[in-house]
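K.L.:
Please build the complete structure, drawing on both the sequences and the hints.
As a plain string of letters, each chain reads:
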Amino acid sequence: MDIEQKIWDYIDGLCSLKEQEEIALLIKNNPTYKNKYEELMALQLDLQALDLDEPSMAFTNKVMDKITLINKPLSAKALIDKRIIYGLGSIFGILILACLVIVLSQVNWNIPLNTPSSFKVDLSVIGDDFNISSSTKTFLMYSFFMFDTILGLMILDKYFRKKLA
Amino acid sequence: MRNENSDIEIIDAVLNGSQKAYGDLVKRHQKYVFTLALRFTRSREDAEEVSQDVFIKVYRSLGAYQKSGKFTTWLYTIVYHTSMTHLRKKRVDTRSIDDEATFIQIENHQSDRDNYSVENKSRSFYVNKAIQMLLPDDATIITLFYQGEQSLEEIAKVMNMEANTIKVKLHRARHRLKEKLEILLKGEVKELI
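For the record, the sequence lines run as chains G and W. In terms of my numbering, the numbers along the first sequence are unbroken and rise by one, the last being 165. In terms of my numbering, the numbers along the second sequence are unbroken and rise by one, the last being 193.
The hints are all genuine.
Below, in silico cross-link-like pairs of lysine-lysine (PhoX-like), each with a Cα-Cα straight-line distance of 20 Å or less:
#	chain 1	residue 1	chain 2	residue 2
1	G	K66	W	K57
2	W	K178	G	K36
3	W	K27	G	K66
4	W	K20	G	K66
5	W	K20	G	K72
6	W	K57	W	K67
7	W	K27	G	K72
8	W	K129	W	K186
9	G	K6	W	K178
10	W	K31	W	K57
11	W	K31	G	K62
12	W	K186	G	K36
13	G	K18	G	K34
14	G	K62	W	K57
15	W	K180	W	K129
16	G	K36	W	K180
17	G	K6	W	K167
18	W	K27	W	K57
19	W	K70	G	K162
20	W	K178	W	K167
21	G	K62	G	K72
22	G	K66	W	K31
23	W	K20	G	K62
24	G	K72	W	K57
25	G	K18	G	K28
26	W	K70	W	K27
27	G	K34	W	K178
28	W	K178	W	K129
29	W	K57	W	K20
30	W	K31	W	K70
31	G	K162	W	K67
32	G	K34	G	K6
33	G	K6	G	K18
34	W	K89	W	K57
35	G	K28	G	K6
36	W	K27	G	K62
37	G	K72	W	K67
38	W	K129	W	K31
39	G	K158	W	K67
Derived from the structure by calculation, the hints contain no laboratory data.
P.N.:
See below:
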């Protein structure tokens, strides 16, 4: 890192406390650092003292005149139709309930109470008793993929919203 | 926190239907927006046109503004992109917008400030003139950092770059500015002799 970069970092407060102390010491004792620091500080003060340019006196009025022709902005929340959200929510609620009913109806409730402490899943139950037609299986599979896709889209949406924020 | 209404309070008022509140927001930020646009356009007329476009775009998409971020950072992002689009439209040849010669050429056609008398020329006049001689990206970084009071991370968001890249670019921009300023001041001393 060159002297100039070091001193700019010092002026901008972008270096660590240790580096700050080191550079402060160099500025105090080393004439090269001291001269550079004074030169850069002069520019820093010039830049901080710069005034902003002003648009014409009628600027605000011009903008407001154009805005009166535009529809009033709405917040993102207001733009979303609540019926769509409730509709989607109901579909997912029904799907979850249906899954729960199917799973609960297939559970073997006759497992003895004195089963060993380790939890064991009776897989044979699925093979023999979980008899559903192939069309239902396809439907369930597609529903599962659709659910995954929607989840994926939601995650993507959240990611992009964060990035844009 | 300012004594007057914060940006968020004004935005809420606008979203609740108060068009008048938007006028306050325009008044508050118009100088920053105009100065930033001027760094690109180098002409007051064009800068004013760009600034108006910016405030109309902001009004239209105010509902999409995520209040988690600083309003000025969001606003300057719109200024940056609108100015870049304006610059691309304005260019008659296919040269890169990073071509310094293009801007030296444009600079020769302006500006009102150049007509100041020698006595009126303060140091800030030369600093402003030196900034005008920089490439738009360099001038924008300097303006956002010093006049827009944006951090390196916020400038990175505005310009869609990494914060480290902005740090390096800021360093280079100040170095170039110093060089331009030295040239301008030397020229002025010679003129006086």
